[in-house]
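Undergrad: As a plain string of letters, each chain reads:
Number of protein chains: 2
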Amino acid sequence: MARTGRRAGSSGSREAILAAARDRFAQEGYDGATVRGIAAAAGVDPALVRHYFGGKEQLFVAVLELPIDPAKIVPQLLAPGIDGLGERLAHFFLETWDRDDMPFVALLRSVTTNDRAAAMLREFISREVLGQIASSLKLPEPQLHAALAGSQLVGVALMRYVIRLEPIASMDRDELAKMIAPVIQRHLSPS
Amino acid sequence: MARTGRRAGSSGSREAILAAARDRFAQEGYDGATVRGIAAAAGVDPALVRHYFGGKEQLFVAVLELPIDPAKIVPQLLAPGIDGLGERLAHFFLETWDRDDMPFVALLRSVTTNDRAAAMLREFISREVLGQIASSLKLPEPQLHAALAGSQLVGVALMRYVIRLEPIASMDRDELAKMIAPVIQRHLSPS
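Chains as they are written, first to last, in this note's numbering: chain A, 450 to 640; chain B, 450 to 640.
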């Protein structure tokens, strides 16, 4: 989008910011994009971006149209400690993706068809989700253990929502969470 | 493809059979398609299909251009029994997908963009891979346990080959197999 001078906060500004963010995240990745650069591309003041969205992380959540914000949720899941973390993650993850408005298939489609989308999502997950979990683990390679726990979660999501493999696709959410919780716990705190 | 009468085994027949199989699997799914129907669509005798490919399962492997045939490999992995099965599956799975000629991203792309591709792959995996594993498990819900083991494997593949999340993307294959083997074993023989 061409820079057309700073706009006052109008009803169009929010949309312009989102469009600029979509473009900047796709071009520069999650790590590379900045609120300042997005504001410039949208022709608005960075303060307006912060006013509408908060920061880069929330802007990314808005661009992906995620109905939840990992940066808010993950700390709540971590707060009670490592004990039971596998269960809390399994329940929360399935509860979230079972929602009709979660764009799991769309996300995965863009990741498999577009290297830049894959990079953008990878950086976001690494930093805002797994990075937070890793920082709570007292293990030699916390990022690896968090990533392995994540691999079990996305694998179940792939089976349940995309491949739709039975019985995983139709089974009761709590039953499924109960089956994967011990395995996730094992990834996070191997004995 | 219009039916043009039975052809003798010519160099074009193999290609015609593959094209017909691709079409029939896409239209009728893996379970619904038959060697007889594929032969008819290709305008050849079913015996010629069996001569070139063996049976439906091998035909499907040829259509997907998989360099390995699960129907041959899975029994070998199962033969030594449940003990160590998690390790054998983890090693074999990563060894296979680490090959340059494995179309994991392409497969996943077609699954996320095409419901019929998803159904076709689901039926194939269910019957020829997880079904075989399930039949070797002495558990109340063997298909569920095989599917959960499968979910951990595809989740790691998604992280390693598609999202390319570190450290899973670049780490040594044997190290990675060692990390997921106990978790797969736990899915297959929960204590």
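A few of these clues could be false.
Pairs involving identical chains hold if they fit within one copy or between any two copies, as the list cannot separate such chains.
Unchecked claim - Straight-line Cα separation of at most 20 Å, EDC-like style, residue types lysine to aspartate or glutamate; simulated pairs: (1) K627 <-> E590; (2) K521 <-> E464; (3) K587 <-> E615; (4) K587 <-> D494; (5) K521 <-> E577; (6) K627 <-> D494; (7) K587 <-> E477; (8) K627 <-> D480; (9) K587 <-> E506; (10) K521 <-> D472.
No lab work stands behind these hints: they were computed from the structure.
Undergrad: None of the hints should be skipped; say for each whether it holds.
TA: We went through each hint and held it up to the structure:
1. Only between protomers do K627 and E590 lie at most 20 Å apart by alpha-carbon distance; the minimum there is 14 Å, versus 26 Å within a single protomer.
2. Proximity of K521 to E464 under the C-alpha cut-off of 20 Å is found in neither arrangement, the shortest distances being 23 Å within a copy and 55 Å between copies.
3. Taking the shortest alpha-carbon separations for K587 and E615, only the inter-copy value of 19 Å comes in at or below 20 Å, while the best intra-copy value is 36 Å.
4. Taking the closest pair of Cα atoms, K587 and D494 never come within 20 Å of each other, the shortest separation being 41 Å inside a single copy and 64 Å across copies.
5. Taking the shortest alpha-carbon separations for K521 and E577, only the intra-copy value of 10 Å comes in at or below 20 Å, while the best inter-copy value is 42 Å.
6. Within a single copy, K627 and D494 get their C-alpha atoms no closer than 48 Å, and across copies no closer than 51 Å, so neither meets the 20 Å cut-off.
7. Proximity of K587 to E477 under the C-alpha cut-off of 20 Å is found in neither arrangement, the shortest distances being 33 Å within a copy and 51 Å between copies.
8. In this assembly of identical chains, K627 and D480 lie within 20 Å of each other by CA distance neither inside one copy nor across copies; the values are 35 Å within and 31 Å between.
9. Within a single copy, K587 and E506 get their C-alpha atoms no closer than 26 Å, and across copies no closer than 47 Å, so neither meets the 20 Å cut-off.
10. In this assembly of identical chains, the alpha carbons of K521 and D472 never lie at most 20 Å apart, being 25 Å within a copy and 47 Å across copies at closest.
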